[in-house]
Amino acid sequence: SERGSFFQYCSSVLCCHDNVSVSVLAIVHLVYKHRMGDLRILLQCILFLATKDVAGFDARTNNRLPPYLMGRPFHGFRPSPVSREEAAKAQYVITNGTIEQPVDHFNASDNRKWTQYYYYNLNYYQPGGPIFLMLGGESPESGWWTVDTTLPFVKWAMKFHAAIYDIEHRFYGISRPFPTQSTENLKYLSSRQAIEDSAAFVKYINEQKGYTNPKWIVFGGSYSASLAAWFREKHPELVTAAVASSAPVLAKLDFHEYLTVVENSLRAYNISCANAVEQGFDAMAKLIWTPSGRANLSDTFKLEPRLNETQLRYKDIQYFFSVIYGNFQGAVQYSDDNVAGYRRGGNIRSVCAIMTNSSLTYLDRIQQVNIYMTEFFGQPFYSTFNDYDELIRVLQDETYDIYGEDAAFRSWIWQTCTEFGYFQSTDQGRNIFGSVTPDNLYIDMCIDAFGSAYKVQAIENSIHKTNKYYGGRAHFKGTNVVLINGNVDPWHALGLYSNIQPSVVPILIAGTAHCADMYADATDDLPSLTAARQTIEDNLNKWINGKAARKATNQMRKLVTKRKPFMSSLMNLQLKPFKEATSETEVVPSHIPKFFMGRPVRGFIGEPGVPSKIVDYPKDFIAGTITMPVDHFDATNTNTFQQRYWYNPQYYKPDGPQFLYIGGESTADIKWVTNPDVQIMSAARKFNAAVYLLEHRYYGESWPTPDQSTENMRFLSSKQALADLAQFIMTMNKQFYANPRWITFGGSYPGMLSAWFRQFYPELSVGALASSAPIEAKVDFYDYLIVVENSLRTYSPKCANNVKVAFDQLHNLSLTPDGRVQLSALFTLRPAWTTTSNVTYVDIQNFFMNMYGHFQSAVQYNNDNRGAYATGGGMRELCGFMMNDAKTPLQNLVDVNVYMTKFFNDGVFEYTDNNYQNYVNYLKDVNAKSSSRSWTYQTCTEFGFYQSTDIGDNIFGSPVPLNFFIDMCTDVFGARFTPQFVFNAVEETQKYYGGRDYFYGTNVLFTNGNIDPWCALSKYDGTGSVTTIMINGTAHCADTYPPREQDAPGLASARQLAEEKIAEWLAISRTDNAASSTLCSILMVAVFALFSII
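The letter at position 1016 of the sequence shown is residue 998 when you use the working numbering, and the numbering goes up by one with no holes.
I should point out that these hints are in silico values taken from the structure, not numbers from a laboratory. All residues carry an ideal CB built from backbone N, CA and C; glycine is no exception. One or more hints might be untrue.
[As the list claims (entries may be wrong)] Straight-line C-alpha distance at most 30 angstroms; calculated DSSO-like pairs for lysine-lysine:
#, residue 1, residue 2
1, K524, K459
2, K701, K450
3, K601, K576
4, K558, K524
5, K906, K447
6, K544, K595
7, K561, K169
8, K546, K716
9, K437, K668
10, K576, K169
11, K450, K576
12, K459, K234
13, K716, K558
14, K973, K544
15, K869, K216
16, K437, K450
17, K760, K544
18, K595, K561
19, K216, K185
20, K701, K459
21, K524, K546
22, K561, K544
23, K701, K546
24, K906, K268
25, K524, K601
26, K546, K561
27, K869, K786
28, K973, K869
29, K906, K450
30, K576, K869
[Unchecked claim] Now the in silico label distances, taken between C-beta atoms and shown as ranges:
#, residue 1, residue 2, range
31, P779, T810, 40 to 48 angstroms
32, A720, N619, 31 to 39 angstroms
33, K268, H446, 32 to 40 angstroms
34, S480, R812, 49 to 57 angstroms
35, P362, K524, 20 to 28 angstroms
36, F363, E291, 49 to 57 angstroms
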């Protein structure tokens, strides 16, 4: 308590004495008086006084950190509205108090307590008035929010006669549950604990002050705004309403939108400025690839340490770029905010004045911005501190400084690593900063600062839990909340803008930045800002003097698009010779990569083969077409097409069920309905089922349009495909089945369709089998390579380690012209790299992706009983090469490349195609009727599924960011397919289908193999009639192929479970049908009785 009193006194001294010597003497007196004997504290105070309030800010105390780190300035997200210099002149009197809080609100057996500080002002309170609570965030609270009468918050308190409280967040400032921030102690730092602190505080004040039926209204800005909204959501019994300014309510690993908003804001202000930034970063990107270029960068930016004297790990390069573009982050995030130094500069206008100075080179303009922003925050510019390892040493420091300002960096980074993510990568496609900083930098930061337990999977899991706990923005359940954002502010991209609750009021202010509405009015305030403040006041009046809203319900809106009425016709086709039909496959140019984005060039589901004894079709086998609408949802579009289907009745008996195998993103393979040993046929034999196969639109020979122009491809979507399935089943029912019981089967993408069909058309089927179905749409599917690495490590740690050594060598060689020539010779690249080749990021990314693609393929189909994979191309073969001690790991990787090329090319290896544009040109061919073009379109418009290396430290390094794949959408389909288009499309898919968290289908069996990388996006938490199983030791769709002796033990039981679920679904449906028939009979009797009475 003495230490706390000292901090409070020191704070007041610094505020109330403009004379430095008087302040120092006062502090010396207090140290002596309390016999604290802590010279370190005394020296910190003196240092603080000597540097205080430069440029309108309380000065930076740690020059080893950049002014902006992960979108957070050194002063915290919400600058103090009053600097110490201003406070000294204003002579404010701040009243504070403390409350004893539990260390852990969620463990009743933990009796430990700690002291939390708060500030208050009761001068404006009148009995019966409301209570305003400002929630502290990820920085020390100063208490100025309780007294500054220029702030809207205080003005409203005066108007509504409110009591004012301001509570400091645990682990920030002087509210410290523990004396240090060890990783073990930080486990008690979370938003959930903070909200419960606030709840306990409200109860405590109610009791202390004798408030009856009080109306508490919580306020917050930035992170604390999210807390305010969540506090209202979780404790509507305690708080009446919340005002949340610049609240990022959606936790997100890859917050790529941040830099998108930075770019958009710069462009909106001055296009020439944004273009100049792009030119400058483009020059930096080119210089980074040669030793002389790195020396140039080191000289220009006065880097410490110099890039040309550094062992260039990926993270060193990424950190350098993030430090430099951080200047533009800061200028945009607080542009023209009426607070501290931002009133006078450090904004878009300031940096754009430098960037449009044509007397300087573009590179020099970037450096001049760097100098300006450093000095803007009160530090003379000597050099650009660029040492990633020193950054980590700072973040590893578990001690507190006197005010907790430096310690707040460690606290906040902890929260991003364990709750929120918010990692501001350049993974937004082509942009003015380039493709320079993937998530890897920040993921590595978590691992290096807090330990190996905080890898990307742990981070992602914690983010997932955060969104599930609070609802993100799509499932937020709070009421009586105003959420304000400025469209210049990068953080607005994670805000909430729509809600089914009318008492949730989103406001987007045109032209303002971070928390602008919280600060004092200015004469040049935009009308939109003034109007936003008025809206807040109007809602305050309604909450205080009107009627509060009820708590939101947990109901979900069903977003089913209504199909138009349509009458299909069926037509039988002449059967092709059986051998020809079972050999039907897509013709693909030899130079095209045979495995790309986790997909074999001819489709996810490979041929299961046909036993040699089967040489002809089963009796009464039918190949036919069904007339389908090109567009199921537009009544004005009357165009139709012929969709192929096949029918095998060999096991069917009257009153048997109907099994439908769903075709996917490739030519439909009739072996799935003619091989008696595949899963669907084996089940058909047991249950006397009729078996159907329907080819997916825009694949094989089922084409709704003459070509694959981007305009025509708008009719290719999973929604249209599901409507095809519904139309097909309804047509078959009408013509052939009086009492149908359909079960859908699908693997991989068709597995998704199978599950979703049951969710959206439950009246047309009784159950669904979904094998290896990634129902979670995700743009950056970085999880994929995590599973690849884990699978390789499980198979052989030595193999995985050698892969890492080889890819590290690839990275080192790629950084110099001579090294790239060596790589070109080793891998027989075409076109070859020479010392004069103009190598770009895309060239390097394309090469690395082709190399790690071999391991993707080997893991994804390891030991699957499909085609060539049944006997090769798996981990056994590739690890056999990688563990050859007679060669170096790099030479072994060369052998892997040769082997896998031969594996896909009938034993032939000529060269390694290394031309990104070749593949793009192949995908751009609108007349090829290529399944690769169709599937790439679906990834760009619905699913994402891009397998980047954005996973932190891993065996493949950090060579291929998300940008590589997103830019391909633009390159292939045109300018309309911007990165934001892709992100929005995937988000819409998640909203429509619900992902795995909000999947509402019934009678579905999800099966996955734990080796299969796609298992990372499937569903595992099955409840009720949704069953989920993970099959140990198996890969992609392994359970759908014919069984064999060398199968993993879990496969047999998984197949048995599938048959048990089918039997269960059919039994239920038969009971339902019987009940329906009984009800009909009763109704008929009742009708006849009624007529007889009449």
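Against the structure, the hints:
| no. | hint | result |
| --- | --- | --- |
| 1 | K524 <-> K459 | holds, 20 angstroms |
| 2 | K701 <-> K450 | holds, 26 angstroms |
| 3 | K601 <-> K576 | violated, 36 angstroms |
| 4 | K558 <-> K524 | violated, 74 angstroms |
| 5 | K906 <-> K447 | violated, 40 angstroms |
| 6 | K544 <-> K595 | violated, 47 angstroms |
| 7 | K561 <-> K169 | violated, 64 angstroms |
| 8 | K546 <-> K716 | holds, 17 angstroms |
| 9 | K437 <-> K668 | violated, 46 angstroms |
| 10 | K576 <-> K169 | violated, 46 angstroms |
| 11 | K450 <-> K576 | violated, 38 angstroms |
| 12 | K459 <-> K234 | holds, 19 angstroms |
| 13 | K716 <-> K558 | holds, 28 angstroms |
| 14 | K973 <-> K544 | holds, 17 angstroms |
| 15 | K869 <-> K216 | violated, 60 angstroms |
| 16 | K437 <-> K450 | holds, 20 angstroms |
| 17 | K760 <-> K544 | holds, 26 angstroms |
| 18 | K595 <-> K561 | holds, 12 angstroms |
| 19 | K216 <-> K185 | holds, 15 angstroms |
| 20 | K701 <-> K459 | holds, 28 angstroms |
| 21 | K524 <-> K546 | violated, 45 angstroms |
| 22 | K561 <-> K544 | violated, 42 angstroms |
| 23 | K701 <-> K546 | holds, 13 angstroms |
| 24 | K906 <-> K268 | holds, 28 angstroms |
| 25 | K524 <-> K601 | violated, 75 angstroms |
| 26 | K546 <-> K561 | violated, 40 angstroms |
| 27 | K869 <-> K786 | holds, 15 angstroms |
| 28 | K973 <-> K869 | violated, 51 angstroms |
| 29 | K906 <-> K450 | violated, 40 angstroms |
| 30 | K576 <-> K869 | holds, 27 angstroms |
| 31 | P779 <-> T810: 40 to 48 angstroms | violated, 30 angstroms |
| 32 | A720 <-> N619: 31 to 39 angstroms | holds, 33 angstroms |
| 33 | K268 <-> H446: 32 to 40 angstroms | holds, 39 angstroms |
| 34 | S480 <-> R812: 49 to 57 angstroms | holds, 51 angstroms |
| 35 | P362 <-> K524: 20 to 28 angstroms | violated, 51 angstroms |
| 36 | F363 <-> E291: 49 to 57 angstroms | violated, 21 angstroms |
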